[in-house]
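Visitor: One-letter residues, chain by chain:
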Amino acid sequence: MSDRDWNDPRLEEALPPVADDGGPRPPRLPARIEDIPAHAPIDDTCFLGARKMPTPIGLPEAVQRIKNWIRARSLWVMAYGTGCGSIELRPLATARYDMERFGIVMRPTPRQSNVLIVSGYLAVKSLKRVVRSYEQMPSPKWLVGLGSCTINGGMYWDSYNTINRLDLYLPVDIYIAGCMPRPEALLAGFDRLMKLIDRGEANGWHHYLENLDWYKANQRKLFDDGDMPDYNW
Amino acid sequence: MKTILAELETRFGATGARFQRDDLASIDLPADRAVPAVTWLKEHTPFVQLNHMSVVDWIEDGQFQVTWLVTDPRGCRSIMVNTRIDRERATCDSVADLWPQAVTYEQEINEMFGIDFPGSPRMGVPFILEGWKDMPPMRRDFDTVKYVAEHHPHRPGRKHHDPRTYVGERFGEKGYLHD
Amino acid sequence: MDILVRAAVAVVVVLGAILYGLLVQGVIRKVMARIQGRIGPPVWQPVYDLFKLLFLRTAIWHGVMFWLGPVFRAAGGIGLFLLIPVVVGNPWLENFSFTGDLLMAMYFLFFGSLGMALGAAEAGHPHSPIGISRGLVQMTAFELPFSLAVVALVARTGSFSIIEIVRAQQGSVWDWNLFANPFASAAAFLAFLGMNMYSPFNIVGAPQEIPVGPPTEYHSSFLSMMAAGRSIFAVAKMVLYMDLFLGGATSLLEAIVKTFLVYFWSVFVGAVFPRFRTEQSVRFFLGWPTVFGAAGVALVLFAR
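Protein chains in written order, with the numbering used here: chain G, 1 to 233; chain E, 1 to 179; chain Z, 1 to 304.
Please note that the accuracy of each hint is not assured.
[What the hints assert, rightly or not] Reference listing, derived: stretches of chain E covered by chain G, where coverage requires no fewer than 3 residues with Cβ under 8 Å from a Cβ of chain G:
#, segment
1, 52–63
2, 83–90
3, 122–131
[Said to hold, decoys possible] Once the Cα atoms are required to be at most 27 Å apart in a straight line, the calculated DSSO-like pairs of lysine-lysine come out as:
#, chain 1, residue 1, chain 2, residue 2
4, G, K128, E, K2
5, G, K221, E, K42
6, E, K146, G, K125
7, G, K221, G, K125
8, E, K133, G, K125
9, G, K195, Z, K258
10, E, K133, E, K146
11, E, K146, G, K216
12, G, K67, Z, K258
13, G, K216, G, K128
14, E, K42, G, K128
15, E, K42, G, K216
16, E, K2, E, K42
17, G, K221, E, K159
18, E, K2, G, K221
Think of the hints as simulated: they come from the structure by calculation, not from any bench.
Note that the coordinates shown come from a computational prediction; the quantities given were computed from them, not determined experimentally.
Glycine residues also receive a C-beta, built at the ideal position from the N, C-alpha and C atoms.
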């Protein structure tokens, strides 16, 4: 691996067609309620920008805000360490960086969790299981991409078995960059996620439901042995 | 250990005995005598434990080198038993009946290099790769970069830097941030 | 009082008890965190958790019994709570204790867990029946010392009515059953540890053993109902023990202090003990606690 050519031009050759804002993006959705905008990635910095979803018809704004406020103060994370980034989750749970003071606890089953942390690289085999776990979680749910491997492949960018961009297969609400990010960075990320939930802007789950075909097409291209995970609503 | 290596030379026609360390020796064997030699080592010498099993791809010679690392746990010494097999028709005898853990090693080697071990229980059963249709990926003629460019798209805007020159450009000669 | 007014008062009291139970759990989480050198969540955290669960969508459904499981548990808890007087002498907080008695309270104690066991068995998850079998085995084990303690108390008072038992303890602190019959109290308080399923008897729902045991498949509204049921059960047990062993309460403040002390006993033990396996806990309950219970009965029979 030491003879890897870092300026290999083939890396730029076979990229999928680039959209005008710089990346493959989900299709524009036909608006069922007119002012629901498309979920557009803004730029390549840490956070996936999201536009606020309007409140559903019939529920006053105040109720929605109370609901979001409570959801943000009680985040249950699924205790699933998908990659090496999850060693930073253990110090986060112990006495020094105590995440329980924010109401964040680890739950062992996807049925009882709200946040799935994809901590690090995802082999194709793990991605299939992560997709299945994500679909088993009840909505509203959030996905945190931890580490550089979820952003652009990180250390394993040239591995035949790991994916390079997580948001082609699952909707990511927040990325936390680093390899791997320290617990303080994780707490900053959770703080930002809680603010996004308060404002009603973290709607990755909604985007997944609405653009299911696009996500499933990407997943099918990856799991091309035809063994797709059954959808678990 | 020298006596055991000498025995291997006389009994099985081994060649190239060399010592990498005081407790680690290496020896080469012809393909049809390799597994009998390993069996003899297990049955009649203190080298009873299979520590590791690995493969080296000598693509220039058109051969795979299969290595069994057998250990003497009481004497804390090891022998690397090497053999060369043909790259096109890659089969090798299995040691699964000697050590049960060899089944996993042989399964992995079968998946990553495409070497067949007739008689080993889990040949062809996928280990890490699911739905893999390409050539076995650890072979040196498998082009990882091309495969990644086709299957795992990068995020646009990605730049590549050679770490050796980049560190020098960013952080100066000393290689770390300094005033 | 008019039955409708009493019913409305009972609803308010039940909701207040659920809130009190959640607050007690919050305080305990804070205390445990401080023991472990952390800051810990705010004391309102279990209330946030319960409401967050209500605001989740339901992901999956496993049939009618699955839905009824948390309902049974909550019904058991509410039934138990309404049959026990919280504050004796206060018509608002005496609940419906004139109709109930100790046998019915014991029945409701186990009815809730059995109902939840039936519901969780429907969940289709392989870990739920394992958790349930462990829980029911433990429950069978601690039933023995608890029943012996109850027999001792009833023999002393001569009546199954909880209000009579409370009235028999008025007088001075030394009339409390805790001091009048220490063996029965020891048996019952050791059984209380098993009842709360707190460490060292928390193998039923330990996340490291099986993913939370019986409530594995329960989520969103089901889980919020179970959280409310657990809270009301905890409060009912605390109040029951306060009435049986600590002399009941004649004012609300006294009730709060005494119930908190009763609950804190299990936290006090649980914070420092690791977990028992199921067979170890069964062997424990059939050992010294049963001996204490038998001694309590003997004390009453031969001290007359």
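Visitor: Decide, hint by hint, whether the structure agrees.
Guide: Here is what the structure says about each hint:
1. 52–63: n = 0 at 8 Å, threshold three: violated.
2. 83–90: That given contact is violated, which follows from only 0 residues of the segment 83–90 of chain E lying within Cβ reach (below 8 Å) of chain G.
3. 122–131: Answer holds; 4 residues pass the 8 Å Cβ test.
4. K128/G to K2/E: Answer violated: K128/G to K2/E is near 52 Å, above 27 Å.
5. K221/G to K42/E: 47 Å, violated
6. K146/E to K125/G: 20 Å, holds
7. K221/G to K125/G: 14 Å, holds
8. K133/E to K125/G: Between K133/E and K125/G the Cα gap is close to 14 Å, so the pair holds against 27 Å.
9. K195/G to K258/Z: 41 Å, violated
10. K133/E to K146/E: Within the cut-off at roughly 15 Å; holds.
11. K146/E to K216/G: Given pair K146/E, K216/G holds - Cα atoms ~24 Å apart, limit 27 Å.
12. K67/G to K258/Z: 35 Å, violated
13. K216/G to K128/G: 11 Å, holds
14. K42/E to K128/G: With Cα atoms ~42 Å apart, K42/E and K128/G exceed 27 Å; violated.
15. K42/E to K216/G: 52 Å, violated
16. K2/E to K42/E: Given that 27 Å is the threshold and the Cα spacing comes to 16 Å, the pair holds.
17. K221/G to K159/E: 25 Å, holds
18. K2/E to K221/G: Distance ~56 Å between K2/E and K221/G Cα, so the pair is violated.
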